[in-house]
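Q: Spelled out from the first residue to the last, the chains are:
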Amino acid sequence: EDQVTQSPEALRLQEGESSSLNCSYTVSGLRGLFWYRQDPGKGPEFLFTLYSAGEEKEKERLKATLTKKESFLHITAPKPEDSATYLCAVRRDTGRRALTFGSGTRLQVQP
Amino acid sequence: DAGVIQSPRHEVTEMGQEVTLRCKPISGHNSLFWYRQTMMRGLELLIYFNNNVPIDDSGMPEDRFSAKMPNASFSTLKIQPSEPRDSAVYFCASSRDSNTGELFFGEGSRLTVL
Chain A
228 EDQVTQSPEA LRLQEGESSS LNCSYTVSGL RGLFWYRQDP GKGPEFLFTL YSAGEEKEKE
288 RLKATLTKKE SFLHITAPKP EDSATYLCAV RRDTGRRALT FGSGTRLQVQ P
Chain B
24 DAGVIQSPRH EVTEMGQEVT LRCKPISGHN SLFWYRQTMM RGLELLIYFN NNVPIDDSGM
84 PEDRFSAKMP NASFSTLKIQ PSEPRDSAVY FCASSRDSNT GELFFGEGSR LTVL
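Line by line, the protein sequences give chains A and B.
First residue of the first sequence: 228, per our numbering; consecutive thereafter.
First residue of the second sequence: 24, per our numbering; consecutive thereafter.
Chain B on its own, in the form it takes in the complex:
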């Protein structure tokens, strides 16, 4: 059974460019989470969806960040315009439902903004 699939694994871009990160959750999972991990701040929740509906986006840093989940098998996290402080590893995770804390994480997308 395939796990959570994220792409790209690595992205290097220049300040001001648009970045789109993609995630395919585990089939049958109803909740999807985007986390960001840095050395300074650890693992921070950006946004999560339940049944494709955004439930909590209070962790999204600012208007430059947006996330969508058009269907149960796909989600995107977009940064426009990107800034050097956005450099981090972005993780997508899914879970069977919103009542469990057992999250299945992808391998992450490492973003470097120059």
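Here chain A stands alone, though its shape is the one from the complex:
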């Protein structure tokens, strides 16, 4: 069974204080790893797709990286508007094709 574990569960940062969120995964044949952002009372919003170890994607203050066992979401000089829950998900290349999500990291950036 596919497993996705995210850490930490919650993270509080000061504005400008860079940090990383972790996503560890176990999946039989990784088809892709995905990062989503979820604001309170909203549905998740797609951020990145990573397909192979060594791949990196960037968007504004966010950079996602992938290894064979985990992914990191690096947040550089965060702003209060980056406060949200960040979800990681995996998709396998055979069998169930739908995404399996981790439980998320709740990020709070204080001004």
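Since the hints were derived computationally from the structure, they do not count as laboratory data.
Keep in mind that a hint or two might mislead.
Not the full set, but computed from the structure, chain B residues with beta-carbon under 7 Å of chain A [as the list claims (entries may be wrong)]: (1) Thr61; (2) Gly65; (3) Asp120; (4) Glu125; (5) Gly129; (6) Gly131.
Computed from a predicted model, the values in this text were never measured in an experiment.
Note that the Cβ used here is the ideal one computed from N, Cα and C, for glycine as well.
Go by the hints and put chain B onto chain A.
A: For chain B alone, coordinates are given in the frame of chain A:
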């Protein structure tokens, strides 16, 4: 361009009542997903459709849950009879096809069963 539209946004009902949640996917999207989110279990897949056909319903908790997609622009998730443990936020999401992991989520339907 309209996103995924879900209704109702909030539903409060009593145990034993029937609940129907509705979803209109993004036009042109061929895959539709129903997820359930709770604090304890996070975001769980219930069922997904590809070209209106159910592909994987292994996440549907039990026979009390059923989902239909009569056409490309509409899907329903029905719970009958509802129980307090069904209380959760139910999300519908759509994607262009089954090969992409870029899902577009609706704003969810928050269900409370008393």
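Q: Should the interface hint for B/Gly65 be scored as holding, given a Cβ-Cβ cut-off of 7 Å against chain A?
A: holds (4 Å)
Q: Does B/Gly129 meet its interface restraint, that is, does its C-beta lie within less than 7 Å of any C-beta in chain A?
A: Holds: closest Cβ of chain A sits about 5 Å from B/Gly129, inside 7 Å.
Q: Given a cut of 7 Å on the nearest C-beta pair, is the interface hint for B/Gly131 held or broken against chain A?
A: Interface hint status for B/Gly131: holds (6 Å vs cutoff 7 Å).
Q: Is the shortest C-beta separation between B/Thr61 and chain A less than 7 Å?
A: violated (10 Å)
Q: At a threshold of 7 Å, is the proposed contact between B/Glu125 and chain A supported by beta-carbon distances?
A: holds (5 Å)
Q: Hint validation: B/Asp120 versus chain A, beta carbon distance must be below 7 Å. Holds or violated?
A: violated (10 Å)
Checked against the numbered hints given earlier, this structure breaks hints 1, 3; the rest are met.
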